[in-house]
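Each chain, written out:
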Amino acid sequence: MARTTRREFMLGEGSGTGSGPQNVHVGVGPAHPAMHGIIRIEAELDGEVIVGAEVEIGYLHRAFEKDCEQGGWNNAIPFTDRLNYVSPLINNFGYASAVEKLLGVDVTERCKYIRVIMSEISRICDHLTCVGASAMELGAFTVFLYMIKAREFLWELVEDVTGARLTISYGRVGGVKADLPDGFAEKTLKALKQTREVLDEVHRLLTGNRIFMDRMVGVGALSREETIGYAITGPLLRAVGVPYDVRRAQPYYVYDRLEFEIPTQKDGDNYARYLVRMAEMEQSMRIVEQALATIPSGPINVDFEGRAIDPAAYVDQGKQGKTEGLLLVPITLSPNLEGQQRAAHRRVNVADKRVVLPPKETAYGSIEGLMNHFMLIMEGYGIRPPAGEAYVAVEGANGELGFYVVSDGSDRPYRVRCRPPCLPPVAALHRMITGEMVADLIPTFGSVNMIGGELDR
Amino acid sequence: MAILAELQRRFGDAIVEIHDHRADHTAVVARDALLAVLAHCRDDVALAFDVLMDLTAVDYLKFPGREDGPRFDVVYHLYSITHNHRLRLKVRVDEDDASVPSVVALWPIANWLEREVWDMFGVRFEGHPDLRRLLMYEEFVGHPLRKDYPISRRQPLIGPAS
Numbered sequence: 001m002a003r004t005t006r007r008e009f010m011l012g013e014g015s016g017t018g019s020g021p022q023n024v025h026v027g028v029g030p031a032h033p034a035m036h037g038i039i040r041i042e043a044e045l046d047g048e049v050i051v052g053a054e055v056e057i058g059y060l061h062r063a064f065e066k067d068c069e070q071g072g073w074n075n076a077i078p079f080t081d082r083l084n085y086v087s088p089l090i091n092n093f094g095y096a097s098a099v100e101k102l103l104g105v106d107v108t109e110r111c112k113y114i115r116v117i118m119s120e121i122s123r124i125c126d127h128l129t130c131v132g133a134s135a136m137e138l139g140a141f142t143v144f145l146y147m148i149k150a151r152e153f154l155w156e157l158v159e160d161v162t163g164a165r166l167t168i169s170y171g172r173v174g175g176v177k178a179d180l181p182d183g184f185a186e187k188t189l190k191a192l193k194q195t196r197e198v199l200d201e202v203h204r205l206l207t208g209n210r211i212f213m214d215r216m217v218g219v220g221a222l223s224r225e226e227t228i229g230y231a232i233t234g235p236l237l238r239a240v241g242v243p244y245d246v247r248r249a250q251p252y253y254v255y256d257r258l259e260f261e262i263p264t265q266k267d268g269d270n271y272a273r274y275l276v277r278m279a280e281m282e283q284s285m286r287i288v289e290q291a292l293a294t295i296p297s298g299p300i301n302v303d304f305e306g307r308a309i310d311p312a313a314y315v316d317q318g319k320q321g322k323t324e325g326l327l328l329v330p331i332t333l334s335p336n337l338e339g340q341q342r343a344a345h346r347r348v349n350v351a352d353k354r355v356v357l358p359p360k361e362t363a364y365g366s367i368e369g370l371m372n373h374f375m376l377i378m379e380g381y382g383i384r385p386p387a388g389e390a391y392v393a394v395e396g397a398n399g400e401l402g403f404y405v406v407s408d409g410s411d412r413p414y415r416v417r418c419r420p421p422c423l424p425p426v427a428a429l430h431r432m433i434t435g436e437m438v439a440d441l442i443p444t445f446g447s448v449n450m451i452g453g454e455l456d457r
Numbered sequence: 458m459a460i461l462a463e464l465q466r467r468f469g470d471a472i473v474e475i476h477d478h479r480a481d482h483t484a485v486v487a488r489d490a491l492l493a494v495l496a497h498c499r500d501d502v503a504l505a506f507d508v509l510m511d512l513t514a515v516d517y518l519k520f521p522g523r524e525d526g527p528r529f530d531v532v533y534h535l536y537s538i539t540h541n542h543r544l545r546l547k548v549r550v551d552e553d554d555a556s557v558p559s560v561v562a563l564w565p566i567a568n569w570l571e572r573e574v575w576d577m578f579g580v581r582f583e584g585h586p587d588l589r590r591l592l593m594y595e596e597f598v599g600h601p602l603r604k605d606y607p608i609s610r611r612q613p614l615i616g617p618a619s
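From first to last, the protein sequence lines are chains A and B.
For reference, each letter of the first sequence is one residue, going 1 to 457 in my numbering.
For reference, each letter of the second sequence is one residue, going 458 to 619 in my numbering.
Honestly, the hints are just simulated from the structure, not real lab data.
If a hint is listed, it holds; no wrong ones were tucked in.
Below 20 Å or equal to it, Euclidean Cα-Cα: the simulated DMTMM-like pairs (lysine to aspartate or glutamate) are:
(1) A/Lys193 with A/Glu156
(2) B/Lys519 with A/Glu69
(3) B/Lys604 with A/Asp408
Let the hints inform the model, and build the full structure from the sequences given.
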């Protein structure tokens, strides 16, 4: 038998390769430098063209939905942080809203504004990460560094408010963990100004850049019909010209009072998705600015007089049963409990003892407060929504983030289902990359913005 | 309620139950009529539910009052971009006959969502082109979101035999 030359093998000619051309199967991932997130794409290549692809997920499955059924309703909040870990605040609020809908409670005005502000800051972080990372994969490392710098400004704000950067656990059923810190508005406006400068620089670097456009325009496109058929929402749906945004279509919190636009594009390719995300960041900043200008302060506790008392002395007196008059004494709380003091507590939490933990002074200082605290914390007690089901959708950074919760009337969720916004685009990924060059897999995968945490749950 | 009344008028007994608790329009559909109802929801001009937002299931094994009843609810969340309205359809299936007709022909996203429900609950979808596990690996034993699957159960180790 004649030896097959390299040329014959590569082109599938001659006898050595069997009968005719053969396609090469290339497995990309689950751990691959270009796959930011663990996912496996098995691509079938004919030369450099992808003729078929299969996407495999599940590598980051951590039983989110099962775990939620094990503890109380508020215990699921830390799990929701880890869904979309780039914008965890939106997940917190989405889940809390679903439980609130089940309970039939409405959060306070100020809390709604806080949720809007923090959601929009998270959305900007998410888009910055997505655009920055996909630009980096095309060689524009500068853009990545600039955008991570901007994200850092915003994450500092998140840190100021929540005390953490990534796993923030800031949402609560019936409110939020703590009020906004002093000087938050000024700091935010400054951070937004810096972010705008970065976005401006990035616009000049990327939009219209020949290399960038060659890689992005017309690549990874999906038709309008297929996008809808695959239930894709968010920037990818708006990139094919459908102006669907939960914030506008079915407004929640205070989005119906704020002015913003829904940016859309026509082509549905990677470049259109990039433009939509860039425009959305500007809109999010507009929302934050308006919300900061109009946020109500709510009822503030001013009817206490007298000197402040040391927290240890306060707790001691409470333990000895000397609670009379203690509630009227202001307390200097330790910094990590600061946000839960009475004045802030009333502003950001619903006045419903079945749902929200009492402020720390009340828990330490009065027997009613202590009982209230225990009734919510102890096993077998806690928040008890009436039996029923509810679905709440919020606009996550990647599209519609839905929570479907079922209660059997007990203190634990009977079922928590998260509708992950990035599962539909990944389910359609094989449609986007088939027929493209193998190198186009990278920008397309980047524009999908796959987040393993919410995809695999 | 207009949507639910319209569905009831059109499909009669096939709509087993309706409610709009917390303003979520919900209809429980008989399994035989499921495909017809879903196809009607998608294609009727007045309904035009063009997006299958979510497809999931709930195991009612330990739900008070449902211990003996049909074990699973398969839940469809529909959304219409044209009319901006939502609908939840549910179909009840028993454990020993846990199968539902597949809707992949109506919405391509159902492919993955049905695979996930099969993976997590063990509900089969008749007519699905490729009903494999989605999140778990092939060798996984059981269906983890069932209520009788203990959270602490260990799975046999897989991997090449040493």
